[in-house]
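Trainee: Start counting the sequence shown at 1; every next residue gets the next number (full-length UniProt numbering).
Just so you know, the hints here were simulated from the structure itself, not pulled from any lab data.
Watch out, some of these pointers could steer you wrong.
To be verified - The list that follows gives simulated cross-link-like pairs (lysine-lysine, DSSO-like), each with its CA atoms no further than 30 angstroms apart:
(1) Lys412 x Lys254
(2) Lys254 x Lys381
(3) Lys376 x Lys254
(4) Lys412 x Lys381
(5) Lys376 x Lys412
(6) Lys412 x Lys400
(7) Lys400 x Lys376
(8) Lys381 x Lys400
What the hints assert, rightly or not - Cβ pair distances, simulated, as ranges:
(9) Lys376 x Thr296: 18 to 28 angstroms
(10) Thr296 x Arg414: 18 to 28 angstroms
(11) Ile25 x Leu97: 24 to 34 angstroms
(12) Gly214 x Thr377: 38 to 48 angstroms
(13) Glu358 x Gly410: 14 to 24 angstroms
Note that beta-carbon positions come from the ideal geometry of N, C-alpha and C, so glycine has one too.
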Amino acid sequence: MSWHNKALHRLNLCVDPMARLPLEIQSLVFLHVSISTPFFDRYHHPSGCMPRPTPDARPMVFLSVCRLWRDIALATPELWSEIELELLPRGPEYISLCKLWLTRARSLPLSLSLHGSLDLDESVQDLVDQYSHQLERLTLSPLWTETPGPGIPFKTEDMLLPSLEILTFQATDGFKFDRMTQWLGILSVAPMLSRLYLVDVYFESEDDEELPLGPLTMAGLSVLFLGAPSFWDVTGEQGSTCCILRYLTLPALKYLSISCSDLPYAEFVAFLSRSSPSLESLHLALTCDWSLAMLTQSLRLMPSLANLTLSGVNDDCLIDAHEVLPLFDTNLSTTPDFLPNLHTIRMSMLVQQPIDYEMVLRVLTSRRIACPIRLKTFTFKVSTSTSGLQIPSITPDHVKTALQQLITDGLKVRIGNVYPFTVSRR
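Assemble the whole structure, with the sequences as input and the hints as a guide.
Mentor: Right, dumping it as structure tokens:
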């Protein structure tokens with residue numbers, strides 16, 4: 001190092017506090033301000049922004065600040081382990097930049113997000129194929145199209161995804177696939193997959209001879225999120241999301257969230273019977289054609305359930321609370337083996353008559369004495385918007401006293417028109 005460079009280095013140590021820190025600490029600082037923070041926990045749907053390969057994006061911007069910052073960025077492969085590609089017409093320079101970006105991640109697991117048209121050109125497909133063995137988290141966000149899409153935008157014939165743990169397909173306004181077999185193909189080459197999120201995704205029916213003879217067993221999948229309101233394509237044909245359940249067996253499933261307008265009761269029961277999962281958390285958006293008996297029978301197939309959320313598919317299909325409350329009133333108090341681990345109940349229901357507070361109290365107190373696992377949380381959001389009725393909000397004094405005692409004993413209770421209603425995380 002020349003005398004001039006040594007002098008600059010000593011001056012930098014005095015002026016820049018970063019220069020006095022060990023490389024490990026410098027890297028942690030860069031990571032703290034750079035890595036995206038997706039809003040998901042071990043159960044819930046992930047969302048967040050990954051960095052894009054543009055000069056003003058992190059961590060690219062670090063390279064042009066000074067030599068020290070450039071050296072830190074290039075010596076920290078974690079900074080380059082996630083990337084979002086906008087699938088727009090691009091030149092070869094863009095692909096070269098993406099390859100350079102991923103090369104800097106070295107051998108670390110990668111998080112890749114593809115946003116835009118899924119009609120990928122060969123260069124993008126080759127890029128995905130090249131790094132498929134390192135993919136740990138893959139997010140696909142396609143643009144809406146009037147015609148069914150071709151399917152997964154990969155060369156799935158020879159692809160292996162040995163490290164993939166989280167697969168998310170999130171369309172903005174509904175995306176319809178014309179082939180289920182490609183989805184089953186990509187799931188079959190991802191043995192480590194633990195979370196699958198399908199949001200606004202629809203599948204057209206296929207001829208039976210094109211589909212596998214039996215359901216695909218995924219031994220490690222513990223989280224399944226199916227979210228799709230009612231959707232019709234331009235021909236007036238209704239799309240289907242929940243039909244994927246008939247092709248899957250998920251014995252390790254712990255968290256299941258279904259917000260579909262097309263959940264067939266028979267197929268749902270068949271899926272639960274076939275999988276026999278030790279399900280811990282269920283969020284089920286009921287359709288108007290589900291009866292109390294159907295719901296009861298479905299819940300009996302999930303004896304390990306601890307966290308239950310029930311709602312309608314949307315504001316036009318809210319379930320009357322007085323059709324669901326008797327389920328808990330009857331089974332929780334008289335049937336000890338009905339959901340013995342249940343500690344959290346959340347409901348978002350339509351109320352077309354005054355709330356039966358006596359029934360609510362029976363539900364809340366039924367597991368407070370005899371059952372080893374007590375009810376800990378009860379959230380009951382009521383809606384009267386579609387009925388046009390004015391439901392009295394006055395709570396009887398003895399009910400207030402009883403609720404206050406339950407709260408004092410540790411039970412969390414929320415009853416009323418609470419907005420927004422969200423599925424809480426335990």
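Trainee: CA of Lys376 to CA of Lys412, is that 30 angstroms or under?
Mentor: It holds: about 6 angstroms lies between the C-alpha atoms, which stays within 30 angstroms.
Trainee: Using the Cβ atoms, figure out if Gly214 sits within 38 to 48 angstroms of Thr377.
Mentor: Holds, at about 39 angstroms.
Trainee: Does the beta carbon distance between Thr296 and Arg414 stay inside 18 to 28 angstroms, or does it fall outside?
Mentor: For Thr296 and Arg414 the Cβ distance comes to about 24 angstroms; the hint holds.
Trainee: Does the Cβ-Cβ separation between Glu358 and Gly410 fall within 14 to 24 angstroms?
Mentor: Holds: the Cβ-Cβ distance is about 22 angstroms, inside 14 to 24 angstroms.
Trainee: Against the 30 angstroms threshold, does the CA-CA distance of Lys376 and Lys254 hold or violate the hint?
Mentor: Given that 30 angstroms is the threshold and the Cα spacing comes to 19 angstroms, the pair holds.
Trainee: Check the following: the C-beta atoms of Ile25 and Leu97 are separated by a distance inside 24 to 34 angstroms.
Mentor: holds, 29 angstroms
Trainee: Just to be careful, I want the Cα atoms of Lys412 and Lys254 compared with a cutoff of 30 angstroms; is the pair within it?
Mentor: Roughly 23 angstroms between the alpha carbons, so the hint for Lys412 and Lys254 holds.
Trainee: Check the hint pairing Lys400 with Lys376 against an upper bound of 30 angstroms on the C-alpha distance.
Mentor: Holds, because 18 angstroms separates the two Cα atoms, which is no more than 30 angstroms.
Trainee: Is Lys412 close enough to Lys400, meaning Cα to Cα at most 30 angstroms?
Mentor: holds, 14 angstroms
Trainee: Does Lys400 lie within 30 angstroms of Lys381 when you go C-alpha to C-alpha?
Mentor: Holds, at about 17 angstroms.
Trainee: Does Lys381 lie within 30 angstroms of Lys254 when you go C-alpha to C-alpha?
Mentor: Judged against 30 angstroms, a Cα distance of about 25 angstroms means the pair holds.
Trainee: If you draw a straight line from the CA of Lys412 to the CA of Lys381, is it 30 angstroms or shorter?
Mentor: With Cα atoms ~14 angstroms apart, Lys412 and Lys381 stay inside 30 angstroms; holds.
When the structure is compared with the earlier hints, no violation turns up for any of them.
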